[in-house]
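So the chains spell out like this:
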Amino acid sequence: MSDTGFLPDFRAGAMAMAPLIVAVMPIGLVFGAVAAGKGLSGAEVTLMSALVFAGGSQFVAMDIWTHPASWAALAFSALLVNVRHVLMSASLGGKLQGFSGPAKYASMLLLADEIWAMAEMRAKEGKLTPAWFAGLAVPFYLVWVSTSLAGALLGAFLGDPKVTGLDFAFPAVFIVLVMGFWKGRETGAVLAASAAAAVLTHQLLPGVWYIAAGAAAGVAVALLAGRRQEALA
Amino acid sequence: MTVDPNMLLAIVAMAIATVATRIGGLVLIRFVTIGETQRRALEAIPPAVLMAVIAPTALVTGPAETIATVVTALVAVRLPLLAAVAAGVVTVAILRMALGA
Numbered sequence: 001m002s003d004t005g006f007l008p009d010f011r012a013g014a015m016a017m018a019p020l021i022v023a024v025m026p027i028g029l030v031f032g033a034v035a036a037g038k039g040l041s042g043a044e045v046t047l048m049s050a051l052v053f054a055g056g057s058q059f060v061a062m063d064i065w066t067h068p069a070s071w072a073a074l075a076f077s078a079l080l081v082n083v084r085h086v087l088m089s090a091s092l093g094g095k096l097q098g099f100s101g102p103a104k105y106a107s108m109l110l111l112a113d114e115i116w117a118m119a120e121m122r123a124k125e126g127k128l129t130p131a132w133f134a135g136l137a138v139p140f141y142l143v144w145v146s147t148s149l150a151g152a153l154l155g156a157f158l159g160d161p162k163v164t165g166l167d168f169a170f171p172a173v174f175i176v177l178v179m180g181f182w183k184g185r186e187t188g189a190v191l192a193a194s195a196a197a198a199v200l201t202h203q204l205l206p207g208v209w210y211i212a213a214g215a216a217a218g219v220a221v222a223l224l225a226g227r228r229q230e231a232l233a
Numbered sequence: 234m235t236v237d238p239n240m241l242l243a244i245v246a247m248a249i250a251t252v253a254t255r256i257g258g259l260v261l262i263r264f265v266t267i268g269e270t271q272r273r274a275l276e277a278i279p280p281a282v283l284m285a286v287i288a289p290t291a292l293v294t295g296p297a298e299t300i301a302t303v304v305t306a307l308v309a310v311r312l313p314l315l316a317a318v319a320a321g322v323v324t325v326a327i328l329r330m331a332l333g334a
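Heads up: the sequence lines are chains B and W, in that order.
Following the working numbering, the numbering of the first sequence begins with 1 at its first residue and continues without gaps.
Following the working numbering, the numbering of the second sequence begins with 234 at its first residue and continues without gaps.
Honestly, the hints are just simulated from the structure, not real lab data.
Being a predicted model, the structure only gives us computed values, none of them experimental.
All C-beta atoms in this analysis are idealised placements derived from N, C-alpha and C, irrespective of residue type, glycine included.
Among these hints, one or two may not hold up.
[Unchecked claim] FRET-style restraints, in silico, Cβ to Cβ:
#, chain 1, residue 1, chain 2, residue 2, range
1, W, 296, B, 94, 38 to 48 Å
2, W, 332, B, 153, 42 to 52 Å
3, B, 68, W, 270, 41 to 51 Å
4, W, 330, B, 125, 25 to 35 Å
5, W, 264, B, 185, 30 to 40 Å
6, W, 296, B, 231, 38 to 48 Å
7, W, 266, B, 146, 17 to 27 Å
8, B, 5, W, 303, 41 to 51 Å
[Unchecked claim] Taking lysine to aspartate or glutamate and the EDC-like style, the derived pairs with C-alpha atoms no more than 16 Å apart in a straight line are:
#, chain 1, residue 1, chain 2, residue 2
9, B, 38, W, 237
10, B, 104, B, 120
11, B, 38, B, 160
12, B, 95, W, 237
13, B, 95, B, 125
14, B, 124, W, 276
15, B, 183, W, 237
16, B, 95, B, 120
17, B, 127, B, 230
[To be verified] Some chain B residues judged to face chain W by a derived CB distance under 8 Å, without partners named:
#, residue
18, 15
19, 19
20, 52
21, 74
22, 82
23, 97
24, 98
25, 100
26, 168
27, 174
28, 218
29, 224
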């Protein structure tokens, strides 16, 4: 899109992301409040949100947080929860034609579920530029980091997230994202397999193995469905 | 506002693991050609992972969470993300109060 400059494209990306930026605010606040409740200082909360920038794994980390923190368990759980990023960056990586080599790597450093989903949608229209991607990612990143800090500082004033229902904001975002991936019956089979495997594993094994189990079951069903289609064709 | 060295180590370890997953895909597609089967597996991963993350909350935490999950999903069919999330949060708060959970 050589006819548009950096700023208009950046602004268009930020506008497309605006509803998700608003949605991430309560999640950032809740994360900060939960982390402060676990004994993390405001600086530590800010550092984690700035360096990790992956809400799902940060919440899981708070679930399994111990004193002193076990870096190996936390790194492994972050790897498991975020292993989906490998597939997201593999999928998006082939669609970054307008990006220079370093820009490709720089933009993938800010990969998150919401950013990835929006970028994929834009790429389908063939209009994904580095400026548009920056518009998606940079404001979202800054809001995540600053609301985490605000949550850590204001934690006590936000009230118990279980009473206000704010702890449900994060699963709710994921539910909506799942609905966005719906493409018919095959998606239903993938989701059912993933849910069944995840619940079963969650009941039987500690930690975050349930996420890996659900992912594996879903992919297995998708591959089986594909093979059956090929056999019928 | 201090940073404990132990905490710092844990945060940096999490960050390194996460950066590896973010860059991993770019490295992967340089060495693996994406055929029909690989594309199918790639497409199934995001919904499967998201479903796995929410499944324990949605299915085995309690009736309030299960009903709120259904409400969120139904609202998401017609309304934008923020409205669906708000509907889920309000539903879970009201049901928890009503059910005393």
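Cross-check of the supplied hints:
no., hint, in the structure
1, W:296 - B:94: 38 to 48 Å, "holds, 44 Å"
2, W:332 - B:153: 42 to 52 Å, "violated, 32 Å"
3, B:68 - W:270: 41 to 51 Å, "holds, 45 Å"
4, W:330 - B:125: 25 to 35 Å, "violated, 44 Å"
5, W:264 - B:185: 30 to 40 Å, "holds, 33 Å"
6, W:296 - B:231: 38 to 48 Å, "holds, 42 Å"
7, W:266 - B:146: 17 to 27 Å, "violated, 42 Å"
8, B:5 - W:303: 41 to 51 Å, "holds, 45 Å"
9, B:38 - W:237, "holds, 14 Å"
10, B:104 - B:120, "holds, 14 Å"
11, B:38 - B:160, "holds, 14 Å"
12, B:95 - W:237, "violated, 41 Å"
13, B:95 - B:125, "holds, 11 Å"
14, B:124 - W:276, "holds, 14 Å"
15, B:183 - W:237, "violated, 47 Å"
16, B:95 - B:120, "holds, 8 Å"
17, B:127 - B:230, "violated, 33 Å"
18, 15, "violated, 14 Å"
19, 19, "holds, 5 Å"
20, 52, "holds, 5 Å"
21, 74, "holds, 5 Å"
22, 82, "holds, 4 Å"
23, 97, "violated, 13 Å"
24, 98, "violated, 15 Å"
25, 100, "violated, 13 Å"
26, 168, "holds, 4 Å"
27, 174, "holds, 5 Å"
28, 218, "holds, 2 Å"
29, 224, "violated, 10 Å"
When each numbered hint is compared with the structure, violations occur for hints 2, 4, 7, 12, 15, 17, 18, 23, 24, 25 and 29.
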